[in-house]
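Asks: Residue-level listing of the chains:
There are 2 protein chains.
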Amino acid sequence: MPIETRRFVTDSEKVNGRSPWALEEWFCRSDVVPNQDLLMVRVTIEPGRCHAFHTHPNREEILYVLSGRAEQWVGREHRTIGSGEMAFVPKGEVHGTYNVSKEPLVFLAILAPSGAPEPALVDVSKQEPWVGLRKGMPICT
Amino acid sequence: MPIETRRFVTDSEKVNGRSPWALEEWFCRSDVVPNQDLLMVRVTIEPGRCHAFHTHPNREEILYVLSGRAEQWVGREHRTIGSGEMAFVPKGEVHGTYNVSKEPLVFLAILAPSGAPEPALVDVSKQEPWVGLRKGMPICT
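Top to bottom, those sequences are chains W and A.
Numbering of the first sequence is given in the working numbering, commencing with residue 7 and proceeding in unit increments.
Numbering of the second sequence is given in the working numbering, commencing with residue 7 and proceeding in unit increments.
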């Protein structure tokens, strides 16, 4: 079925990829459905791994946990969130997701607007104050 | 905590409501977080109930099933989708969600842009061709 007329996304239609930190299963992106506004990816981060501090300069983001537990940072605030809990990341705000648990962490990352200008992502994990913010906490790579 | 600085939404922060067809738990709306682009609500539809054919004239929508099974329509196409499966609804396209199973259906409804003009929803379930489209299928109210 051509993407333009696709209305359902199951295991057969989603587009899988790997980032250095996670398995990414894209449900809503222009190579899956004819989206205009929304992006959605299901992300699996293994124990001891993380998506370190970064920003999306031109997109707002929701992270909704499906299973496992996330040490989730938004700005200088962090919480451990589990299934059915959410983090909200305003456009451009620094955030990071660390799996310090013993189970895989699975969450939905939802972003808008889909047509925002580049860059999609800026890594700030080597910059102050973010580089020192998790000092003393379990190391994730 | 004031909404402007809220970054995490759990059972304590979400805003619950009831529509005629469902329990709605709002995770991303202007009375929960300082959103600019995204809306998200977790919806529970009991067996035998439905959100009958309708449109969102000015918003794109994703429906992502968390548990249970949905007889999901988008335009004249329908599929039964379950946990981890998604429907994509382009802006203005007719869609409907029917729970013909014996278990509650729980899904995330994600919409953008949040600041779209009214109306948020137009019911077309009494209009042709939609009124006759489920003829012979289990009745949901």
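FYI, nobody ran anything at the bench for these hints, they're computed from the structure.
Hints may be right or wrong, so weigh each one.
Because identical chains cannot be distinguished in the list, a pair is counted as satisfied if it fits within a single copy or across any two copies.
Once the Cα atoms are required to be at most 25 Å apart in a straight line, the calculated SDA-like pairs of lysine to any residue come out as [as the list claims (entries may be wrong)]:
hint, residue 1, residue 2
1, Lys141, Leu72
2, Lys132, Met143
3, Lys108, Pro8
4, Lys20, Lys132
5, Lys97, Asn64
6, Lys132, Val106
7, Lys141, Arg24
8, Lys141, Gly88
9, Lys97, Glu31
10, Lys132, Asn22
11, Lys97, Trp32
12, Lys141, Arg82
13, Lys97, Gly121
Bear in mind that the values here come from a model prediction, so they are computed numbers and not experimental data.
Asks: If a hint holds in the structure, say so; if it does not, say that too.
Replies: Here is what the structure says about each hint:
1. Taking the closest pair of Cα atoms, Lys141 and Leu72 never come within 25 Å of each other, the shortest separation being 28 Å inside a single copy and 36 Å across copies.
2. Taking the shortest alpha-carbon separations for Lys132 and Met143, only the intra-copy value of 16 Å comes in at or below 25 Å, while the best inter-copy value is 58 Å.
3. Proximity of Lys108 to Pro8 under the C-alpha cut-off of 25 Å is found in neither arrangement, the shortest distances being 40 Å within a copy and 34 Å between copies.
4. Taking the closest pair of Cα atoms, Lys20 and Lys132 never come within 25 Å of each other, the shortest separation being 33 Å inside a single copy and 34 Å across copies.
5. In this assembly of identical chains, the alpha carbons of Lys97 and Asn64 lie at most 25 Å apart whether taken from the same copy (6 Å) or from different copies (22 Å).
6. In the homo-oligomer, the alpha carbons of Lys132 and Val106 lie at most 25 Å apart inside one protomer (20 Å), although the nearest pairing across protomers, at 52 Å, exceeds that limit.
7. Taking the shortest alpha-carbon separations for Lys141 and Arg24, neither the intra-copy value of 28 Å nor the inter-copy value of 44 Å comes in at or below 25 Å.
8. Proximity of Lys141 to Gly88 under the C-alpha cut-off of 25 Å is restricted to the intra-copy arrangement: shortest distance 23 Å within a copy versus 42 Å between copies.
9. In this homomeric assembly, Lys97 and Glu31 come within 25 Å of each other (Cα to Cα) both inside a single copy, at 22 Å, and across copies, at 23 Å.
10. For the identical chains of this complex, Lys132 and Asn22 are neighbours neither inside a copy (28 Å) nor across copies (40 Å), given an alpha-carbon limit of 25 Å.
11. In this assembly of identical chains, the alpha carbons of Lys97 and Trp32 lie at most 25 Å apart whether taken from the same copy (21 Å) or from different copies (20 Å).
12. Taking CA atoms no more than 25 Å apart as the test, Lys141 paired with Arg82 passes inside one copy only; the shortest distance there is 13 Å, against 55 Å between copies.
13. Within a single copy, Lys97 and Gly121 get their C-alpha atoms as close as 14 Å, and across copies as close as 15 Å, so both meet the 25 Å cut-off.
Hints 1, 3, 4, 7 and 10 from the list above are not met by this structure, while the remaining hints are.
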